[in-house]
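Trainee: Between the sequences and the hints, there should be enough to build the whole structure, so can you do that?
Each protein sequence line maps, in turn, to chains Y and G.
Reminder that position 1 of the first sequence reads as 1 in the numbering used here, one-by-one numbering, no gaps.
Heads up: take any position in the second sequence, counting from 1, add 1000, and you land on the numbering used here.
Simulated from the structure, these hints should not be mistaken for laboratory data.
Listed next, the in silico DSS-like pairs over lysine-lysine satisfying Cα-Cα at most 30 Å (straight line):
| # | chain 1 | residue 1 | chain 2 | residue 2 |
| --- | --- | --- | --- | --- |
| 1 | Y | LYS37 | G | LYS1142 |
| 2 | Y | LYS6 | G | LYS1059 |
| 3 | Y | LYS6 | G | LYS1094 |
| 4 | G | LYS1241 | Y | LYS39 |
| 5 | Y | LYS6 | G | LYS1087 |
| 6 | Y | LYS89 | Y | LYS30 |
| 7 | Y | LYS30 | G | LYS1237 |
| 8 | Y | LYS30 | G | LYS1228 |
| 9 | G | LYS1059 | Y | LYS10 |
| 10 | Y | LYS104 | Y | LYS24 |
| 11 | G | LYS1142 | G | LYS1225 |
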Amino acid sequence: MAKGVKPRVKVPKTAAAGETITIKTLISHKMESGRRKDKDGNFIPRSIINRFVVDFNGQNVIDVTLEPAISTNPYFQFDAVVPDAGEFKFTWYDDDGSVYETSKKIKIA
Amino acid sequence: MELKTLLTSMVIIGFSAGLVSAQADATLAVEGEVISTSASAPAFAENLDTVYSGWRFRKLETRSLQLDDFDNPAFVFVDKGIDLFEKVDGTEGKACASCHEDVEDFAGLRPKMPRVEDGTLVTMENLVNECRTERMGAEPWKYSGGQMTAVTALIGLQSRGMSVNVAFDGDAAPFFERGQELYYQRVGQLDMSCSNCHEDNYGVMIRADHLSQGQINGFPTYRLKNAKLNSAHARFKGCMKNIRATPYKEGGDEFKALELYLAARGNGLSVETPSVRN
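Mentor: This is how it looks when you write it as structure tokens:
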């Protein structure tokens, strides 16, 4: 598991039914591209987050493929429609097989 | 003759308009809380009327990153600072949190730093390392290293919005004078002093960027160019390299004196730690 990985998400606590809300996510990750060399001239192996998925009550919201050119600490901001109360589930997949998960509940006001 | 006068006044208008847009009157509201980004200059800074935070000189998109703590990339490092604050290290089996139970107790410290203690000038970094070596029995951190800036940013954050108010009289006077001397001392191959850029030419473009007044109220600051927190001393070093001078040592007497002088120049500005700059 890569060091110092910490997912952070910002989701409003409440929303009106059918409202479009903005979700912000950030995961701290070094996103080593695999193209850099160390002091001895050897390539530093690639180690990135390669996939990011968000589900709402089991239904997929977004599914992103990340490439090596994406910079450190990838940040995603997107809009989602909230039909009713439930839970957003955020999942990041690391090259080394680790999976980082977090979730946020949202209520209908 | 009339035409010439007209042209001259047009040039002056054009020039001053550039200055105005560079430090446009804008409100910095961090998480909804308004922070002042300008203040009347202290009396000793005789060439300035108003002091402006570096925030005022940045582009809108850089500025907006500082408005929301989630968007502010420095908070990734502040989070690391929280972990470090609670991590036990050294022979005494203590963490920062063992003595300083609540990090919020540090509110009010950042605006007074650096300060004089028993005849020596100490910075926030010195205080952290003093705790580490004397009370925790741990190895000191590198002056501008990742762990140090994470913890100094966390401590500084507790005072965000408070007015900078460092003492530069009494015990601190000799250090202040040394700092002032360094500020106006021309050095390096380009033979420039701090004041040449940050006092004489703030608001003017330097390559693709606006020169700021070089205020340090937002340090440690997250820089987009290196995607990490930067200490004030690391920034001084960068400036000195740009004018092709041999930088002084980070944590050395010269930079500490300069830090005190610069902090005093910014007396009245609000602490913005951790700020975002390019």
